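Undergrad: Fit chain B to the known structure of chain A by using the hints.
Residues per chain are reported as follows:
2 protein chains.
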Amino acid sequence: MASHETIPIQNSSSFLSTSTIVALCVFFALLCACIVIGHLLEENRWANESITALLLGLCAGAIVLLIEKGQDSRLLAFSEDLFFLYLLPPIIFNAGFQVKKKQFFKNFTTILLFGILGTVISFCLISLGAFLLFKRIGLTTLTLQQFLAIGAILSATDSVCTLQVLSQDETPFLYSIVFGEGVVNDATSIVLYNAVQSLNFNNIDATITLKLLGNFLYLFFTSTALGVVVSLLSAFVIKTLYFGRHSTDREVALMMLMAYLSYLLAELLNLSGILTVFFCGIVMSHYTWHNVTESSRITTKHAFATMSFIAETFIFVYVGMDAFDIEKWKGSNASAATSVTISATFFALVLIGRAAFVFPLANFINCIQKRDSNKIEFKQQFIMWWAGLMRGAVTIALSYNQFSNTKKISSSDSALMITCTIIVVLFSTIVCGSVTKPLIEAVLLRNRKTNVSDATDIPSLEEDLRQLFFENGDSSGQGNNQIAPRASSLRLLIAHPTITVHYLWRKFDDKFMRPVFGGRGFVPFVPGSPTGADDETSAAV
Amino acid sequence: MASHETIPIQNSSSFLSTSTIVALCVFFALLCACIVIGHLLEENRWANESITALLLGLCAGAIVLLIEKGQDSRLLAFSEDLFFLYLLPPIIFNAGFQVKKKQFFKNFTTILLFGILGTVISFCLISLGAFLLFKRIGLTTLTLQQFLAIGAILSATDSVCTLQVLSQDETPFLYSIVFGEGVVNDATSIVLYNAVQSLNFNNIDATITLKLLGNFLYLFFTSTALGVVVSLLSAFVIKTLYFGRHSTDREVALMMLMAYLSYLLAELLNLSGILTVFFCGIVMSHYTWHNVTESSRITTKHAFATMSFIAETFIFVYVGMDAFDIEKWKGSNASAATSVTISATFFALVLIGRAAFVFPLANFINCIQKRDSNKIEFKQQFIMWWAGLMRGAVTIALSYNQFSNTKKISSSDSALMITCTIIVVLFSTIVCGSVTKPLIEAVLLRNRKTNVSDATDIPSLEEDLRQLFFENGDSSGQGNNQIAPRASSLRLLIAHPTITVHYLWRKFDDKFMRPVFGGRGFVPFVPGSPTGADDETSAAV
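Chains as they are written, first to last, in the numbering used here: chain A, 1 to 541; chain B, 1 to 541.
Just so you know, these hints were derived from the structure itself, not from any lab.
Keep in mind that this is a model prediction, so the values were computed, not measured.
You may find that some hints are simply not true.
Pairs count within a copy or across copies, as identical chains cannot be separated in the list.
[To be verified] Result set (DMTMM-like, lysine to aspartate or glutamate): computed pairs, CA atoms no more than 25 angstroms apart in a straight line:
#	residue 1	residue 2
1	239	43
2	330	80
3	511	81
4	239	42
5	135	169
6	507	68
7	135	510
8	379	169
9	211	169
This is chain A alone, in the form it adopts within the complex:
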């Protein structure tokens, strides 16, 4: 040991910058700690991994700040590139890969309504509220464009935390609505935010709404199509060349790389990478996953979940540490009272903005639903409202993007906007995150039997399908099996649109897609399926 000290030899890390290694060490040690603590708190219903990570990140941030004696430390800086390029894609891909597809597509109309119209309503209300209230608080330097940006920033819900708080198994209906809304919300937020960035506010006319809607539809359909095309390509390549013959690793590598490539291509083509990679995950779990060897199936299922889990935990540690970035707090000259007032205003606007679309839209859906079992109860509406209140890393990233390099308003007001956004994110994640699980238990699961929609929607669907097959069996028995099913399908499409679409899709899948792209189709049970054994098994032919 002594010899090491006396020889004037440089250290091996001369290849690497020490600050990078220190930062990585701290982050990875924190991640390990989060996993161990998360495991120990598993039985605790108030805590979860997100909150543990956030609190650990806050502690670490405070310690780093003390060590650095209040100096700026690059360790704490939030990087948009890191977040959007490396952390978000695995999370969203895994969500698509493990989502219960039938539940998701069954509620597709509701999801679209919430994700598009809901986000727009929330955006308008928050912008308007900020515009009316901030003048009174004393913030006068904000422009109209800034107010609209605030609306877009605070309308971006956090899909990551939703995934951790809601359980796909316990409350599949709520999960699919709130999470699905979060994914669609991303595309809407991007369109709104970018529109706000570039619209000419001196020249607003009525056609602008139509143009925005057109732009959204373009973004939605092209992003989805890209994800579907890339994943079908992966299914086709793996099926045709039969990679499993030589190596399991190549199959796994190809699935990972092509999933990530779909995200990168979407970003390159200026589409919504989140939508693309989400649909890529859905289609991959339907086709590609069934074309690979058994080992690859187990590996991909768990490896994708693990990567997503690490990325989620990383984001929360990161957001926690970022909160102590001293430069931001120095930049804003506002008093603590002003910061708290503005943060409270922000959060109140988020609460109202979400209430303003969840309850009306849910009741609107209830009105057009004929069947009682498909209606959304008030209790469920309440949980939908509450579970979507969390704001996360997307909000922080957008806030940095808007306010960190702006020259239009005073730098102190910019810093104030960023710090208040961080306060809202921390508050909503910690409070809403910890209260949601107990709230769901108290409101929904305690009187499970009365909760019709969440408990019985799968049996009711099964019943519908049995009806459908009974009718088809009838018509094919009469010999005219070419025309009669189509006629009955059309009739069914009007009576039960979702179920009929599902039935037609399955026929199409069996006839045209599966021969080319593989996949298991709709067989009753595949052990270790990424979406769980109960997915689609109830609809087994």
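TA: Relative to the frame of chain A, chain B by itself:
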């Protein structure tokens, strides 16, 4: 679609820099192409994934250069951080994780001899050769320190390519020697390179060699110990808290994170991260891997292999693309003839430097080995010499580190050194990489029966062990089972050191390690073991 064009809306990639996305897209598309082509060429014995990746990288580099019209492109730049922080650790960890442990430790003395003494011999010869020859070629600006650096740079063998070219199943002995040497070589190279960087050449005395040796030993033992400690900690935590109870993903995540953390800690403490993460992999596969659930075992086995595979392919694509970084070629004003002469000199020095230690050291080992079956035949020596000729990304990284920012010699000579290093790397990888497999088939496998050492070492070891247990059984039958085994162990230690160490280690493992850290011990067969079914099974108790 038209609406998208007419609205003045910014695109979604405003959060991300376009150049990063383009670079990532190109790399990931190339990786996918490599996997598909590698699969199609699997039966071809001349080609392998490394060469495919290198050639694809070269093609892509040429195309990028054409598109950029000879301008500098950041797409092509080689980053030491990316290589040492993100690409190298998964490869070396996986090598440790999947290495056949018994074979590796059986040849440990040979590996150490080759890795330490061999690298030093090669370093001295290459430095001396460069010093004597380069003056004649016309390179006069190089200092003594530069010549020694060249020696260290060209002595760094490429473990990554070795892994791809040698097969652990076909030639386990060669694999363990050449790959093990590559891992130890890394620690030696770091010590040599850093010593060269910082030694004061005006004040060299005899004690410097001793000091360097002391420094190496310090580096070797602390790095190994760190890897062992971190992996034992992971085994202990996973065994004690029983993570599998709640979640497979946490187990997998914890294994990944702690493996990477061991590398980061080693770099932070100025140790050899490669040695640390390699031993971390070995110990993790012995203890931690057996403490997790069945799904986690399959997942980690394939996920680690896949990540390593992706990283390897990435490195070769990267090195290929980097070769066309036009700035370097512009910087060196030398004619094509000079470049070729220097590159040829480099490669000749590598050939001689390796020959100068492989053959003498192998014969030295043969002399001290009493048993004929343990001797290294000339054919094997030849393959050992040939298979270790490849130079890879480590050489390029060290070369950049040495010559890219130096102010001591003219910039044209620096650029010349870098470009010649790249030529040597490309040439050695393509030529040695493609010829090694057919060469092994022609030299070793054709007359498999005469190749005693590689074919029969496991049965002979088994015989030794049977002898050993027979003796122990005898002594315990006499009632003095406390003293007699120890006495016979001591006698055996002198007669058969490797086998006795192995036996003692197993007793220690069963008695003290396994109760604390778990692991399977030495049971005959574990399905899907990362080191293959035949590892340690022959020595089953």
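Undergrad: Now, for every hint given, state plainly whether the structure supports it.
TA: How the hints compare with the structure:
1. 239 / 43: Classified as between: cross-chain Cα gap 19 angstroms, same-chain 42 angstroms, threshold 25 angstroms.
2. 330 / 80: within (21 angstroms within a copy, 35 angstroms between copies)
3. 511 / 81: For residue 511 and residue 81, neither the intra-copy (43 angstroms) nor the inter-copy (50 angstroms) Cα distance is at most 25 angstroms.
4. 239 / 42: Close across copies (17 angstroms), not inside one copy (40 angstroms); limit 25 angstroms.
5. 135 / 169: For residue 135 and residue 169, the Cα distance exceeds 25 angstroms both inside one copy (46 angstroms) and across copies (75 angstroms).
6. 507 / 68: neither (64 angstroms within a copy, 49 angstroms between copies)
7. 135 / 510: Neither: 61 angstroms inside a chain and 74 angstroms across chains, both beyond 25 angstroms.
8. 379 / 169: within (18 angstroms within a copy, 62 angstroms between copies)
9. 211 / 169: neither (40 angstroms within a copy, 63 angstroms between copies)
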